[in-house]
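Mind the numbering: the sequence shown is residues 510 to 628 in the numbering used here, read in order.
For the record, the hints were derived by calculation from the structure and aren't laboratory data. Computed from a predicted structure; not experimentally measured. Incorrect hints may appear among the rest.
In the PhoX-like style, the derived pairs of lysine-lysine whose C-alpha atoms are separated by at most 25 Å in a straight line are [claimed, not checked]:
| no. | residue 1 | residue 2 |
| --- | --- | --- |
| 1 | LYS528 | LYS627 |
| 2 | LYS523 | LYS627 |
| 3 | LYS575 | LYS627 |
| 4 | LYS528 | LYS603 |
| 5 | LYS528 | LYS516 |
| 6 | LYS516 | LYS627 |
| 7 | LYS627 | LYS603 |
| 8 | LYS528 | LYS575 |
| 9 | LYS575 | LYS516 |
| 10 | LYS603 | LYS575 |
| 11 | LYS627 | LYS538 |
Restraint-style ranges between C-beta atoms, simulated for each label pair [said to hold, decoys possible]:
| no. | residue 1 | residue 2 | range |
| --- | --- | --- | --- |
| 12 | ASN578 | THR605 | 31 to 41 Å |
| 13 | SER600 | GLN563 | 28 to 38 Å |
| 14 | ARG626 | LYS523 | 16 to 26 Å |
| 15 | ASP599 | GLU513 | 30 to 40 Å |
| 16 | SER577 | GLU551 | 16 to 26 Å |
| 17 | LYS516 | GLU624 | 32 to 42 Å |
| 18 | ARG626 | THR552 | 13 to 23 Å |
Here a beta-carbon is modelled for each residue, glycine too, at the ideal position from N, C-alpha and C.
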Amino acid sequence: MMDELIKRILFLPKEFHNKRDVSIYSLLKESGYFEFYEYINETNIYNALTANQQCIDDWISWSEDKRSNSGWYLINTGNETFIVGHMASDSQFKTTEYLDRIEACAAFIKHEIEEIRKI
Numbered sequence: 510m511m512d513e514l515i516k517r518i519l520f521l522p523k524e525f526h527n528k529r530d531v532s533i534y535s536l537l538k539e540s541g542y543f544e545f546y547e548y549i550n551e552t553n554i555y556n557a558l559t560a561n562q563q564c565i566d567d568w569i570s571w572s573e574d575k576r577s578n579s580g581w582y583l584i585n586t587g588n589e590t591f592i593v594g595h596m597a598s599d600s601q602f603k604t605t606e607y608l609d610r611i612e613a614c615a616a617f618i619k620h621e622i623e624e625i626r627k628i
């Protein structure tokens with residue numbers, strides 16, 4: 510059950526893009542994440558991403574397409590590093606650099622879905 514839930518989370522950007530008439534909040538809620546968020550961590554997400562690496566580009570695109578002056582972001586620097594960061598509405602930045610693409614994406618996903626859950 511938990512593996513299926515995490516897989517649904519991995520495909521959220523693609524589902525959002527395909528449906529277009531449903532909010533990301535609604536899709537995340539429908540996935541079952543709200544009931545089990547305490548049990549889903551970056552390690553669970555990392556393990557699922559290892560088998561579904563095609564989702565990573567979808568999450569990078571999700572980050573690039575966000576139209577917000579605050580929130581989490583994921584950047585492929587092009588230099589074999591990835592940046593996961595948070596920009597607050599007061600222009601304060603918090604960033605972490607990763608050498609592992611999967612690890613960076615797992616961190617971004619967990620931060621992003623938690624931010625969405627708390628809306």
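For a quick check of understanding: which of the numbered hints are violated here, in increasing order? Of the numbered hints given earlier, those the structure breaks are 4, 12 and 17, listed in rising order.
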